[in-house]
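Turn these sequences into a full structure, and let the hints guide you.
Spelled out, the chains give:
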Amino acid sequence: MATKADFRTTLQDWLPKLVLAPSFAVTLLFVYGFILFTVVLSFTGSKMLPKFTWVGFENYEKLFALPAWSTAIVNIAIFATLYITICTLIGLMLAIFLDQKIRGEGVLRPIYLYPMALSFIVTGTAWKWFLDPGIGLERIMHQWGWESFSFTWIKDGEMALYTIVIAAVWQTSGFVMAMFLAGLRGIDNEILKAAQIDGASNWQLYRRIVIPLLRPAFLSAFVILSHLAIKSYDLVIALTGGGPGRATEMPATFMYSYTFTRNQMGIGASSAVIMLMTIAAIMVPYLYAELKEKK
Amino acid sequence: MRAMSITALLLATPAFAEPSVEVMHFWTSGGEAAALGAVRDKVVAEGVTWTDAPVAGGGGDQAKTALQARIASGNPPAAMLMLGQTITDWAAEGMLGNVDALAEAQGWDAALPQAVKDWTKIDGHYVSVPTSVHRTDMIWASKAAFDKIGAAHPTTWEELNALAPKFLEAGIVPLAHGGQAWQEAYMFEAVALGVGGADFYKKALIDLDDATLRGPEMVAVFAQMAALRGMVDANFPGRDWNLASAMVTNGEAAMQIMGDWAKGEFTNAGKKPGDDYACIPVPKAKGDGFVYLVNSLSLFTQTEADLIKGQEVLASAIMDPAVQIAFNQAKGAIPARTDIDLSAMDTCAQATSTALASNDTAGTAVPTFAGTHAANAAVVGAATDAITAFFNSDQTPEEAATALADAIAAAR
Numbered sequence: 139m140a141t142k143a144d145f146r147t148t149l150q151d152w153l154p155k156l157v158l159a160p161s162f163a164v165t166l167l168f169v170y171g172f173i174l175f176t177v178v179l180s181f182t183g184s185k186m187l188p189k190f191t192w193v194g195f196e197n198y199e200k201l202f203a204l205p206a207w208s209t210a211i212v213n214i215a216i217f218a219t220l221y222i223t224i225c226t227l228i229g230l231m232l233a234i235f236l237d238q239k240i241r242g243e244g245v246l247r248p249i250y251l252y253p254m255a256l257s258f259i260v261t262g263t264a265w266k267w268f269l270d271p272g273i274g275l276e277r278i279m280h281q282w283g284w285e286s287f288s289f290t291w292i293k294d295g296e297m298a299l300y301t302i303v304i305a306a307v308w309q310t311s312g313f314v315m316a317m318f319l320a321g322l323r324g325i326d327n328e329i330l331k332a333a334q335i336d337g338a339s340n341w342q343l344y345r346r347i348v349i350p351l352l353r354p355a356f357l358s359a360f361v362i363l364s365h366l367a368i369k370s371y372d373l374v375i376a377l378t379g380g381g382p383g384r385a386t387e388m389p390a391t392f393m394y395s396y397t398f399t400r401n402q403m404g405i406g407a408s409s410a411v412i413m414l415m416t417i418a419a420i421m422v423p424y425l426y427a428e429l430k431e432k433k
Numbered sequence: 019m020r021a022m023s024i025t026a027l028l029l030a031t032p033a034f035a036e037p038s039v040e041v042m043h044f045w046t047s048g049g050e051a052a053a054l055g056a057v058r059d060k061v062v063a064e065g066v067t068w069t070d071a072p073v074a075g076g077g078g079d080q081a082k083t084a085l086q087a088r089i090a091s092g093n094p095p096a097a098m099l100m101l102g103q104t105i106t107d108w109a110a111e112g113m114l115g116n117v118d119a120l121a122e123a124q125g126w127d128a129a130l131p132q133a134v135k136d137w138t139k140i141d142g143h144y145v146s147v148p149t150s151v152h153r154t155d156m157i158w159a160s161k162a163a164f165d166k167i168g169a170a171h172p173t174t175w176e177e178l179n180a181l182a183p184k185f186l187e188a189g190i191v192p193l194a195h196g197g198q199a200w201q202e203a204y205m206f207e208a209v210a211l212g213v214g215g216a217d218f219y220k221k222a223l224i225d226l227d228d229a230t231l232r233g234p235e236m237v238a239v240f241a242q243m244a245a246l247r248g249m250v251d252a253n254f255p256g257r258d259w260n261l262a263s264a265m266v267t268n269g270e271a272a273m274q275i276m277g278d279w280a281k282g283e284f285t286n287a288g289k290k291p292g293d294d295y296a297c298i299p300v301p302k303a304k305g306d307g308f309v310y311l312v313n314s315l316s317l318f319t320q321t322e323a324d325l326i327k328g329q330e331v332l333a334s335a336i337m338d339p340a341v342q343i344a345f346n347q348a349k350g351a352i353p354a355r356t357d358i359d360l361s362a363m364d365t366c367a368q369a370t371s372t373a374l375a376s377n378d379t380a381g382t383a384v385p386t387f388a389g390t391h392a393a394n395a396a397v398v399g400a401a402t403d404a405i406t407a408f409f410n411s412d413q414t415p416e417e418a419a420t421a422l423a424d425a426i427a428a429a430r
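Protein chains in written order, with my numbering: chain A, 139 to 433; chain B, 19 to 430.
Incorrect hints may have been included.
As the list claims (entries may be wrong) - With a straight-line cut-off of 30 Å between C-alpha atoms, the simulated BS3-like cross-links for lysine-lysine are:
| id | chain 1 | residue 1 | chain 2 | residue 2 |
| --- | --- | --- | --- | --- |
| 1 | B | Lys135 | B | Lys220 |
| 2 | B | Lys221 | B | Lys289 |
| 3 | B | Lys289 | A | Lys189 |
| 4 | A | Lys185 | A | Lys200 |
| 5 | A | Lys189 | A | Lys200 |
| 6 | B | Lys184 | B | Lys302 |
| 7 | B | Lys184 | B | Lys289 |
| 8 | A | Lys185 | B | Lys135 |
| 9 | B | Lys166 | B | Lys139 |
| 10 | B | Lys135 | B | Lys289 |
| 11 | A | Lys430 | A | Lys200 |
| 12 | B | Lys166 | B | Lys302 |
| 13 | A | Lys200 | B | Lys220 |
| 14 | B | Lys221 | A | Lys185 |
| 15 | B | Lys166 | B | Lys290 |
| 16 | B | Lys221 | A | Lys200 |
| 17 | A | Lys155 | A | Lys331 |
| 18 | B | Lys221 | B | Lys139 |
| 19 | B | Lys184 | A | Lys185 |
| 20 | A | Lys185 | B | Lys220 |
| 21 | B | Lys166 | B | Lys220 |
Treat the hints as calculated values from the structure; they're not laboratory data.
Now the structure itself:
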């Protein structure tokens with residue numbers, strides 16, 4: 139009996155580890171292994187295929203001397219700032235409005251959330267057609283008689299980046315809304331009632347109590363939105379193809395073209411490492427704070 | 019009885035002990051697929067199993083990525099559609115086999131022009147089998163548009179530039195253009211040869227001579243690019259090339275500068291060369307010239323006898339004169355072989371073929387830059403960035419020439 143019980147306990151101890159082992163091994167190899175491989179490649183003179191001839195920091199020097207990379211960095215900075223700010227604001231606003239115990243919330247919520255179910259390729263293509271002056275919004279306005287209407291941002295090198303912001307915000311703000319809504323529902327009604335008894339106005343209620351209590355939701359929204367922004371590839375390819383010219387080049391499109399189409403794998407790998415480090419710079423403080431709180 | 023049927027079943031399985039060939043390519047559009055079908059039918063008729071491995075994506079970038087992955091995993095396809103210096107790069111990696119014996123027996127050396135041999139016979143070995151030659155410095159002109167303003171086809175840049183205001187007056191877009199980086203690169207090489215001439219083209223885009231890249235001739239090339247920039251409609255950025263061709267077929271625009279693969283679009287729209295549209299070379303200011311792009315299937319080294327046999331059958335099928343004609347009728351190009359009768363092909367193809375022969379002899383046939391024959395992918399990519407930046411901004415031609423030279427110097 140004793141041995142059987144022992145076997146059971148041992149099995150119970152080991153079973154979770156055994157079950158998790160394959161996925162752990164796969165993740166270790168295919169995520170962290172290849173991250174390491176990319177870092178190694180970024181210090182080699184790899185062109186078409188991986189080669190292990192060491193060149194030190196030469197790829198990084200070349201990378202930061204490239205005008206296309208500077209464009210990509212500036213673009214991602216503008217894009218990420220606008221995208222994260224606007225998405226958060228719209229998401230929060232929608233969540234607060236939906237939280238007013240309105241009728242038909244069950245219908246409205248999925249309508250806002252639905253764009254997230256589309257892939258960025260679909261969003262990009264749909265917005266590309268919608269924003270194209272020759273077939274989309276501008277043409278329809280002209281047909282309806284508003285001849286002076288002009289909206290040619292997508293064809294304008296200075297403004298095309300903002301069309302990507304528009305499409306990305308449309309896609310994700312519903313999802314941010316859902317996160318905030320969950321946060322709002324988690325707030326204890328007693329606190330709100332107590333504040334109301336103390337004579338707090340609605341505005342004070344939200345500013346002093348609700349929004350501070352939503353801090354975890356803000357953090358999650360920020361982390362999710364910032365990694366979506368840095369990874370943005372498919373939306374750019376579908377919407378503008380990096381154009382007009384190279385006006386909407388992003389780090390992700392840069393990395394793909396240098397690694398796979400221009401046979402400059404070393405430079406491509408170094409740009410990927412820079413992207414990883416940017417994400418890490420955002421994620422590590424967040425994870426650190428999260429883990430610290432749990433102690 | 020049962021044993022017999024099992025034996026029969028085993029014998030019927032064609033998975034092994036039969037020559038086969040796997041062809042990886044990006045010819046997925048209607049005309050391209052039909053062209054490859056001509057080769058496939060011939061190969062299958064010889065009793066060889068054909069495994070099709072298409073990777074969609076016009077310029078072949080995705081196919082290239084897929085190929086890299088397959089090579090890295092040690093499983094190269096028997097044959098792969100590759101362009102220009104990609105072939106020399108893979109040959110230098112020692113990955114390509116050859117069909118020298120077959121070429122010797124069939125006398126390919128005499129059948130192919132030097133321009134084609136430069137990109138298929140690498141270091142004395144036929145590592146690649148040419149299907150066709152494209153001409154990239156072409157203007158596709160709408161007959162209706164030219165009739166409307168009563169003008170003749172331009173033979174000089176001055177004539178071409180003078181036509182633009184007349185077309186605009188008649189409510190026609192002078193130049194249909196798709197504003198994607200690669201299309202601007204093809205337009206650039208056509209203008210470079212047209213304005214600067216073959217010697218300039220070779221010095222600037224093949225030798226990548228820094229002084230020439232910064233020089234006054236390059237500034238003149240960009241100045242002409244700026245003139246062309248003034249002829250396109252406001253809605254050009256991001257447009258696909260076949261939509262630009264459609265603007266010419268429906269009379270909305272007068273001309274398109276595009277390689278002769280555009281002919282497929284005209285044919286599909288039911289248009290006839292001469293009656294509905296004209297294919298004319300881009301004007302040449304300094305002597306004759308011809309920018310060519312060679313299509314070929316490159317052969318990766320195989321060790322199994324059946325697969326080697328498959329490659330030989332494929333190579334022999336591609337070089338078959340009837341297949342070359344059928345292939346290029348569908349693809350819009352001209353046969354790689356110069357020793358076959360082209361009377362079955364249209365007037366555009368015949369004119370292109372004559373032009374290639376005379377330019378090949380005169381040494382004024384130059385390899386495409388945008389199609390990575392003249393320079394490698396890194397240089398072409400960097401140059402394309404500079405070219406497309408110029409075409410989509412208000413840079414001066416002088417600034418553009420400097421930017422181009424800087425970009426090429428950084429990528430070398």
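Going through the hints against the structure:
For the suggested pair Lys135(B) and Lys220(B), the alpha carbons sit about 18 Å apart, so the restraint of at most 30 Å is met. About 39 Å separates the Cα atoms of Lys221(B) and Lys289(B), which puts this hinted pair outside 30 Å; it is violated. Distance hint between Lys289(B) and Lys189(A) is unfulfilled; the C-alpha atoms sit about 50 Å from each other, more than 30 Å. Between Lys185(A) and Lys200(A), the direct Cα distance comes to roughly 14 Å. Compliance with the 30 Å bound is thereby established for this hinted pair.
With a CA separation close to 18 Å, the supplied pair Lys189(A) and Lys200(A) stays within the 30 Å bound. Taken as a hint, the Lys184(B) and Lys302(B) pair is honoured in the structure, with Cα atoms around 22 Å apart against an allowance of 30 Å. For the hint linking Lys184(B) to Lys289(B), the alpha-carbon distance of about 24 Å falls within 30 Å, and the restraint holds. Note on Lys185(A) and Lys135(B): the hinted pairing holds, with a Cα-Cα distance of about 26 Å set against a maximum of 30 Å.
Among the hinted pairs, Lys166(B) with Lys139(B) is inconsistent with the structure: their alpha-carbon atoms are about 48 Å apart, more than 30 Å. Between Lys135(B) and Lys289(B) the CA atoms are separated by roughly 33 Å; this puts the pair beyond 30 Å, and the hint is violated. Proximity of Lys430(A) to Lys200(A) is assessed by CA-CA distance (about 39 Å); at most 30 Å being required, the pair is judged violated. Restraint check: the Cα-Cα separation between Lys166(B) and Lys302(B) comes to about 25 Å, which is no more than 30 Å; the hinted pair holds.
Only pairs whose Cα atoms come within 30 Å are accepted, and Lys200(A) paired with Lys220(B) is accepted, the gap being roughly 27 Å. For the hint linking Lys221(B) to Lys185(A), the alpha-carbon distance of about 25 Å falls within 30 Å, and the restraint holds. Between Lys166(B) and Lys290(B) the alpha-carbon distance is near 18 Å, which keeps this suggested pair within the 30 Å criterion. The straight-line distance between the Cα atoms of Lys221(B) and Lys200(A) is roughly 25 Å, inside the 30 Å bound, and the hint therefore holds.
With a C-alpha separation of about 47 Å, the suggested pairing of Lys155(A) with Lys331(A) is violated against the 30 Å cut-off. The hinted pair formed by Lys221(B) and Lys139(B) meets the criterion: a straight-line CA distance of about 23 Å does not exceed 30 Å. A threshold of 30 Å between alpha carbons decides the hint, and for Lys184(B) with Lys185(A) the separation of about 49 Å lies outside it, so the pair is violated. Distance hint between Lys185(A) and Lys220(B) is fulfilled; the C-alpha atoms sit about 25 Å from each other, no more than 30 Å.
Of the pairs offered as hints, the one joining Lys166(B) and Lys220(B) is violated, with about 39 Å between alpha carbons and a cut-off of 30 Å exceeded.
In terms of the numbered hints stated before, the structure departs from hints 2, 3, 9, 10, 11, 17, 19, 21, listed from lowest to highest.
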